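First to last, the protein sequences are chains A and B. The numbering of the first sequence is our numbering, which starts it at 1 and goes up by one. The numbering of the second sequence is our numbering, which starts it at 1 and goes up by one.
None of these hints come from the bench; they were simulated from the model. Relax, there's no trap hidden among the hints.
Only pairs whose alpha carbons sit at most 16 angstroms apart, straight line, appear in this in silico EDC-like list of lysine to aspartate or glutamate: (1) B:K33 x A:E5; (2) B:K167 x A:E13; (3) B:K146 x B:E188; (4) B:K125 x B:E188; (5) B:K33 x A:D182.
Bear in mind the structure is a predicted one, so any value in this text is a computation, not a measurement.
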Amino acid sequence: MATKERIALTGNEATAMAMKQINPDVCAAYPITPATEIMQIFATYVADGLVNTELVTVESEHSAMSATIGACCAGARSMTATSSQGLAYMFEMLYIAAGLRLPIVMPMVNRALSAPINIHCDHGDSMGTRDAGWIQINAENVQESYDNLIMAMRIAEHPEVQLPAMVTFDGFIISHAMEPVDVISDAEVQEFIGEYKPRFSLLDIDNPITVGAIDFNDYYFEHRRAIAEPMINGVLKVAEEVSDEFAKKFGRKYGIFQEYRMDDAEVAIVVLGSAAGTAKYVIDELRQKGIKAGMIKIRLFRPFPYKQLAEALKDVKAVAVLDRSDALAGMGGPVFGEVRSALYDLPVRPITTNYVYGLGGRDITLDHIRGVYGDLLSIANEDKVPANLVTYLGVRE
Amino acid sequence: MAKLTEIRWHGRGGQGAKTAALLFGDAVLGQGKYMQAFPEYGPERMGAPVQSYNRISDEPINLHCSVTEPQVVVVLDPTLIGTVDVIQGLPTDGTIIINTDRPASKFKEMLGLNTQKVYTVDASKIAKETIGRDIPNTPMMGALVKATGLLDFEDMLKETKVKLTKKFRNKPEVIDGNIKAIRRAYEELKAD
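Isolated chain A (complex conformation) (with noise of 0.2 angstroms):
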């Protein structure tokens, strides 16, 4: 069994800590706000002499990702953190990076954009990129971003991945809360994530190549086809191996989600981020009345776990989704989008529901979390599509 040490960590300790046991050969960064400490206390760690990573300071968040992509090309193992109007900055960036099939990993403290005006939570900043060609893994407490920011190099790096990862946790409650977090040892992660060999380099003269060519309508589809291709096979089989690996090796079991309480749940939430365990309080307390609620915490938002989930949610007979943010779109927030498609082709779907909250970092309260399944047994005992699909929780109207 591996080395054991308990330590208290904010996530954004955690996160800069997991990132010197992963001492990547090149970081680029440009740590202002509303970028979070991550990049200031790795730099500490640069200073200190405790990595050999090439530190680039640079001068915005645009050329963070682009000095990121041109150090991936070179061969290095690159990383950089940032966080809301920071990776709307980086949004052109983020699909060349996919694009070039370059293993990026980059921590992403989940905050609102404006306007107005917020630094919170919200978790408006990595959806708006969800179609980027990232993985996007998201995590419940400081523990979890640890150990995802581990798990994400083997996922990203995996030869049948080779795409871009970005690991999120939510804003202030998780990025500045301290928490005990199990720590593994340096030399514990480096045998973890292995040595990181690129199949192409810019640096290999011997092997000459090209990269960011133009290619239009004769090769731009099957290269984009191409992309899409782990996201369909690949990913979701990785990830669940590294999972696997990653519990065998350190005793924290993972998956692609969580599901809490499902075994003979009628009613369940679907959540991602640290709602998740406030939910997890609020279904102990009803399991102790004996009403059978249950909840899945989304792990991987990018790719989506499609027809894993409908198989979870299949004999529950109604889910309330629970977004951290409005997708605008008229008919609620992103997750609330893929659950009831990934739902669509059961033979017998369960009712669903969505509540947009939390944003800009508004609480989200037991008493909210109660209401929910409240409203959920009400739909379940009634067999009654709800009357509103999407509720705004917890708003002034």
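Fit chain B to the known structure of chain A by using the hints.
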């Protein structure tokens, strides 16, 4: 479900309410319990009212909502009383610990508290005499442990010394001053 204790720290920007919650959280973990420590972030300015929080339990803590009904409130600056509702959500059997040179009875009356326990300690004076500056956060940790019995005091002191040593490895006088301050506040805490 395991017993959960929630604590709210009230201070002003610069007084170390956040640091107190983090240091206390670390000490809790050192005694094998589970904990969370988190500040409430707003516009960050010196002197503005700020809050921070701890959750403590013998079992893992899943909750990630705000703390709204803390069993214990620690007030680092008595001038907040009247400006900020420091007893918001405090249950009838709750505990409030105030950094002040005035008697607890004054605050009992001012806050309209009947059943709650009110403790006072002059943490500012202690801080000035031991650390050399009016930073009342660490002494209030000693007061908190005395008032609540949540942790073993000597172990907490040992744990905090380790943390402070890491943080102030080039300023041993700061470490000793803080440790003295915590012990004095523990000894000088007054009940109502």
